[in-house]
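Residue numbers (this note's numbering), protein chains in the order written: chain A, 1 to 209; chain B, 1001 to 1209; chain C, 2001 to 2209; chain D, 3001 to 3209.
Just so you know, the hints here were simulated from the structure itself, not pulled from any lab data.
For glycine and all other residues, C-beta sits at the position ideal for the given N, C-alpha and C.
A couple of the hints might just be wrong.
Simulated coverage check for chain B against chain A, where a stretch passes if three residues somewhere in it have a Cβ under 8 angstroms from a Cβ of chain A [stated by the list, open to error]:
hint: 1; region: 1138-1150
hint: 2; region: 1157-1163
Going by beta-carbon spacing under 10 angstroms, a handful of chain C positions derived as facing chain A [said to hold, decoys possible]:
hint: 3; residue: His2004
hint: 4; residue: Asn2006
hint: 5; residue: Asp2014
hint: 6; residue: Ala2055
hint: 7; residue: Pro2058
hint: 8; residue: Arg2059
hint: 9; residue: Ile2061
hint: 10; residue: Ile2100
hint: 11; residue: Tyr2118
hint: 12; residue: Arg2119
hint: 13; residue: Phe2181
hint: 14; residue: Ser2182
hint: 15; residue: Tyr2184
hint: 16; residue: Trp2185
hint: 17; residue: Ile2199
Computed footprint of chain A on chain B; a stretch qualifies when at least three of its residues, placed anywhere within it, have a C-beta under 8 angstroms from a C-beta of chain A [unchecked claim]:
hint: 18; region: 1086-1100
hint: 19; region: 1109-1121
Protein chains: 4
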Amino acid sequence: MPTHYNQLAGRNLDRLSGLSDGVFAFAMTVLVLDLRPPAAAAIHSEAALWQALVALSPRLITWLMSMLTLGIFWIGQQTHHDRLAHSDRAYSWLQMTFLITVTLVPFSTALLAEFIEYRIALLIYWLNILLIGLTLLASTYRARHFGLLRKDASPEGGRALLRRIYIGQALYAFGAALCVFSTYWSIGFIVAVQLNYAIGPRFRPFTWL
Amino acid sequence: MPTHYNQLAGRNLDRLSGLSDGVFAFAMTVLVLDLRPPAAAAIHSEAALWQALVALSPRLITWLMSMLTLGIFWIGQQTHHDRLAHSDRAYSWLQMTFLITVTLVPFSTALLAEFIEYRIALLIYWLNILLIGLTLLASTYRARHFGLLRKDASPEGGRALLRRIYIGQALYAFGAALCVFSTYWSIGFIVAVQLNYAIGPRFRPFTWL
Amino acid sequence: MPTHYNQLAGRNLDRLSGLSDGVFAFAMTVLVLDLRPPAAAAIHSEAALWQALVALSPRLITWLMSMLTLGIFWIGQQTHHDRLAHSDRAYSWLQMTFLITVTLVPFSTALLAEFIEYRIALLIYWLNILLIGLTLLASTYRARHFGLLRKDASPEGGRALLRRIYIGQALYAFGAALCVFSTYWSIGFIVAVQLNYAIGPRFRPFTWL
Amino acid sequence: MPTHYNQLAGRNLDRLSGLSDGVFAFAMTVLVLDLRPPAAAAIHSEAALWQALVALSPRLITWLMSMLTLGIFWIGQQTHHDRLAHSDRAYSWLQMTFLITVTLVPFSTALLAEFIEYRIALLIYWLNILLIGLTLLASTYRARHFGLLRKDASPEGGRALLRRIYIGQALYAFGAALCVFSTYWSIGFIVAVQLNYAIGPRFRPFTWL
């Protein structure tokens, strides 16, 4: 039986890291491009400039939320990644799908910033987070069941990673469901969860997360 | 005889990987920038936003096709790359040409999305895929015939990589030819081939590919 | 007690380097995108083109200032980084925050270029530099007090890095305060300080910095 | 005497490679963004689309020239780089300046594409190439005279690299001077020189270059 392309393809973890870092770096910078300074023609005093900047501030909240989303999943992916000995073709494609959902974050963020009171915009944003989580989850299962893990990767650690995904996604889903009342409730809840994850154990109210 | 620049130049495989990952990461994110959210001024209800998003959906098919194209060739290039011991100047230029054709994907995708029923747009898109394949093929020949391969790179594996390029390009060419009937036939066929490659052996109908 | 996600997460220094290089590379290139060539329709002679380019030149000063800012902090971060044995989750988040403030540089630069005589624009630019410095400082403390340093990282070296941040930020703050007189004084002073840092010991007037 | 920041700073060659690959990858992709597909509203037949694409073709020549410029200097920088054992702060700043001149390529290319018959646009483009060459040259001198070279970097090789820069820049200067006759002569000559460098020894007419 001849050697098959699929046995050789996509085994390089460093390339996957390089592509991932590029995609995340790009998505982070693109998010800022939507924060455009006000047009000079309409501004004639310090007070007017200040007001124009204050008018920009609602966009800061969706921008901050997306930066936290990107940060959380960049660290998450890296942590999963560090447990692997090598990649394979299917794992590479699952990660490629993961990265594709990451590149969608600037789109779903711009949509939500533009239509912050619309439930459809919020649900699309949540769907984006859900897809990022699901592709990460699928990668984890592939890694575990197809022998990609390093010898010293503890099963204990694997369970901690899975628990994190399940609890995190449950909280995001609950947050999204809050849009029955108002999209602001959803956004507030999701940002609170994310800050809790980002700021970390020491200052965080829910240490059991 | 003095040392010549060309003997020293472009031997670093890591730099080639770094540049490639940057180009692919950038091209993937740029593709999403063409998915602009609808303008807020024209939308006054959830239903109107939903319709505006549905109107965006034809662009999703060209976007998905291009993401698959980028994914397939990123994994392909990486697989070829992993067989090399070092690069040389000519190989670096062949790969630079490969990357240049990759940077053209966002252009040919935007063209096809804008003119999805025009055969010229489809043929330019196909020409782009063909050029990516040809430059990858040329790199492979350079690597094989100028001693760039690693000692443990099996000739068997080399043949599997070549077979993949030939069969893939034949299928793309057949798909492009389907535009005699309709560009939608071409796009449908190409996406089907790409999904077959991406989803992989287990679920894939044509395992002999 | 079960293994906790936070003990495993974000330990990879190479990934942090990869993300950082991507963010800095992107921010540097985005800065140039604001230098748009004049529109062809309005230009009908070499002299007119020359004048249009001269009219562009005030933007060059804010562009140069931001390139120096990015260069100084890229080298600064790298120097801190090279003293570390590994990262941890909290350090990764501090660095993520550092990178987020870096992605804001194209925004604050565009704002200052558009409103170069407005104190608010200047103070926002300075606030950006201050935040970059503070997050770098916080990372340094995390690294020192949570055992992330390499065995051979000298305390002497650590003090030199801290001194550099304190003196640099004091000079930036003084420069920003000069906007009481005029924003041009501030910009001139900050550029002078940065050139002093960039051009280095040999030619630099204030070697004690 | 206390340890000085400047003795510790900017010694990491890998970070310099990472930043450089990011900047080049980004510049290559940004160049393509200026090739916009024609607007759908104005096109109503295959023939009209074909004509609109043909009308785009003059931009292809400046685009190709800039891709060659980026490729030549990416390989050039990499070749110099591979001779180094480590970097230092001054070398990092020289390379940062090199990268800044690289980020200007999309700007000077867009200017030349827009004003292809204007000598000022051509001279600015040439000035850009000159600055890239000069900063690379300055880096080389720094590396040689401040002990940054690897033990096994042959002086012979160093001379070959310098020769390449001097001859290349002399040819670019001659090409730029041809704009006394016409900017098209300059562009044609520069593209010919670059293709000669890119296509390499085997097929190239001037093997003594």
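Against the structure, the hints:
no.: 1; hint: 1138-1150; result: violated (count 0)
no.: 2; hint: 1157-1163; result: holds (count 5)
no.: 3; hint: His2004; result: holds (6 angstroms)
no.: 4; hint: Asn2006; result: holds (6 angstroms)
no.: 5; hint: Asp2014; result: holds (7 angstroms)
no.: 6; hint: Ala2055; result: violated (14 angstroms)
no.: 7; hint: Pro2058; result: violated (12 angstroms)
no.: 8; hint: Arg2059; result: violated (12 angstroms)
no.: 9; hint: Ile2061; result: violated (16 angstroms)
no.: 10; hint: Ile2100; result: holds (5 angstroms)
no.: 11; hint: Tyr2118; result: holds (5 angstroms)
no.: 12; hint: Arg2119; result: holds (6 angstroms)
no.: 13; hint: Phe2181; result: violated (15 angstroms)
no.: 14; hint: Ser2182; result: violated (14 angstroms)
no.: 15; hint: Tyr2184; result: violated (16 angstroms)
no.: 16; hint: Trp2185; result: violated (17 angstroms)
no.: 17; hint: Ile2199; result: violated (28 angstroms)
no.: 18; hint: 1086-1100; result: violated (count 0)
no.: 19; hint: 1109-1121; result: violated (count 0)
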